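Chemist: What follows is the residue order along each chain.
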Amino acid sequence: MNAHPNLDDLERLARDVAEDPGPLENHVRACAACAARVEEFRGEEDLLREHLAPAVQQPSALFLERIAAAKQSKARDGWWRQMATAAAVLLGLLFALTHPRKELHRVLEGRVTLSDGRSVGAPSTFENVGGLETTLEKATLRLSDGTLMELRPSTRVELKELARDEIAGLGGDDMKGIASGILVTVLSGSLSLSQAQGREDLLAGRSAVLAASRAPLRVGLAQEGGAALSKRLDSLAAEIGKLEAEIQKLEKENAQLREERKAVVENGGTPPGGAPGQLPGSSVKEK
Amino acid sequence: MLVDVLPEKELVQQARLGRSGALEELVRRYYPDLHAYLSKLLGPHEAEDALQDVFIKMAQGLERYQDEDRFGAWLTTIAVNHARDLLRRRAGRAGPLPEPVCEPPLAENEDQGRLADAIQGLPAQFAEPLLLIYQQDLTQAQVADILGISIAAVKMRIYRGIRQLRALLKEGRP
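Chains Z and Y, in that order, give the protein sequences.
Under our numbering, the first residue of the first sequence carries the number 1, and numbering increases by one thereafter.
Under our numbering, the first residue of the second sequence carries the number 1001, and numbering increases by one thereafter.
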């Protein structure tokens, strides 16, 4: 090889992927300029090492708790525990048939406001309610079925228990055979649902069904849910528009009244509705 | 027994037996490197959630896992595969980049932030070996084992990955 090899060949040599390295190596040994180029290419690897070096990070206590909880959940699947679990399920079914069911969700991190106005912070439990929301902080909940729900700030969620026929009505092969579940609908914001079987991230307008021993099942309610949500938002926007118009009208009337009152007072008279501080319709009592 | 001084093989055994603190110590030891890897591949916002999933899979798979000498490689493989799954699901991700022409080597004063961001713009098949070799400091043989490819394939992906990285940086497109 008399002519200098091109840059690509020199780079291939540097990375040890040259098809025929022999002639290249011979040339580089004899050519300082090409040898320097090969060294530059190899030097890129040192740059990458330096710039990609990991910063030291440590897991939070909540992070560690979640990992430990997941392992315990798996450990409970030992065969003798399965026997005990089967017996417990039978007893539980019997109990559920004869007693009203009380679903409890647990707040692990942050605070949520329920649809009934209650504010619940970690570590607390609450019954299954129609909806809940976070404010400026994120929140993490463990739902009654064991699902971990992580809500981003300013997220509103609707939870609804579904029976078999309601789930079947959602359509899709995934929904077949599910006896009951919780329908999670994100009204605003976003959240993540994690179960041992899988994980699903939901944005506003999306829904998922939580069923025992399954990963969260995203449902095709996006369009339906999105249309309903849009309709609701339009209706709210219209109401807000009306309220704003009323407020403007009242402010205008208020300003007019203030002007009239001011004019009367300046002329030495008693303003309509009585003296300042006196309620309209009431008489002024002489002391 | 203090778990933080146990050798890894023993720590894995203790964690499998459910000994208090052993699982936590394993998580602590691997958290920084895997967090850095997933951050570069997925972005910092997704990295934490992805890392949690990786460690949960590790915790739940410990009972079945037998080869205690290869625990690090096994855990890294879980992280690599999980990141791949997430990248596949990610909507709107750009397809493979066209093969670039050879550009001059990266400069020493290349901006660290831009370089790190550019990694995210690479297809996973190139970003993975780059991070495993130059960030996680694994050998080509270890990377080949984790990715399930030959050493020659690792070298080729490094070669193509660095070329694409250089082209991305030159265009200013992370």
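Hints listed in this document are in silico derivations from the structure and should not be mistaken for laboratory results.
Since this is a predicted model, take the numbers as computed values, not measurements.
Glycine is no exception: its CB is placed at the ideal position from the N, C-alpha and C atoms.
Misleading hints may appear alongside valid ones.
Now the in silico label distances, taken between C-beta atoms and shown as ranges [stated by the list, open to error]:
(1) Arg-1090/Y with Glu-19/Z: 32 to 40 angstroms
(2) Ala-69/Z with Asp-1069/Y: 22 to 30 angstroms
(3) Gly-1018/Y with Gln-57/Z: 37 to 45 angstroms
(4) Gly-1018/Y with Gln-58/Z: 41 to 49 angstroms
(5) Ala-30/Z with Gln-1120/Y: 53 to 61 angstroms
(6) Gln-58/Z with Arg-1090/Y: 23 to 31 angstroms
(7) Cys-31/Z with Gly-1061/Y: 49 to 57 angstroms
Chemist: Indicate, hint by hint, whether the structure satisfies it.
Modeler: Taking the hints in turn, this is what the structure says about them:
1. Arg-1090/Y with Glu-19/Z: 32 to 40 angstroms: holds, 35 angstroms
2. Ala-69/Z with Asp-1069/Y: 22 to 30 angstroms: Check passed, 28 angstroms falls within 22 to 30 angstroms.
3. Gly-1018/Y with Gln-57/Z: 37 to 45 angstroms: The hint (37 to 45 angstroms, Cβ to Cβ) is violated, given that Gly-1018/Y and Gln-57/Z are roughly 26 angstroms apart.
4. Gly-1018/Y with Gln-58/Z: 41 to 49 angstroms: violated, 23 angstroms
5. Ala-30/Z with Gln-1120/Y: 53 to 61 angstroms: Violated - the Cβ-Cβ distance for Ala-30/Z and Gln-1120/Y, about 41 angstroms, lies outside 53 to 61 angstroms.
6. Gln-58/Z with Arg-1090/Y: 23 to 31 angstroms: holds, 27 angstroms
7. Cys-31/Z with Gly-1061/Y: 49 to 57 angstroms: Since the Cβ atoms of Cys-31/Z and Gly-1061/Y sit about 53 angstroms apart, the hinted range of 49 to 57 angstroms holds.
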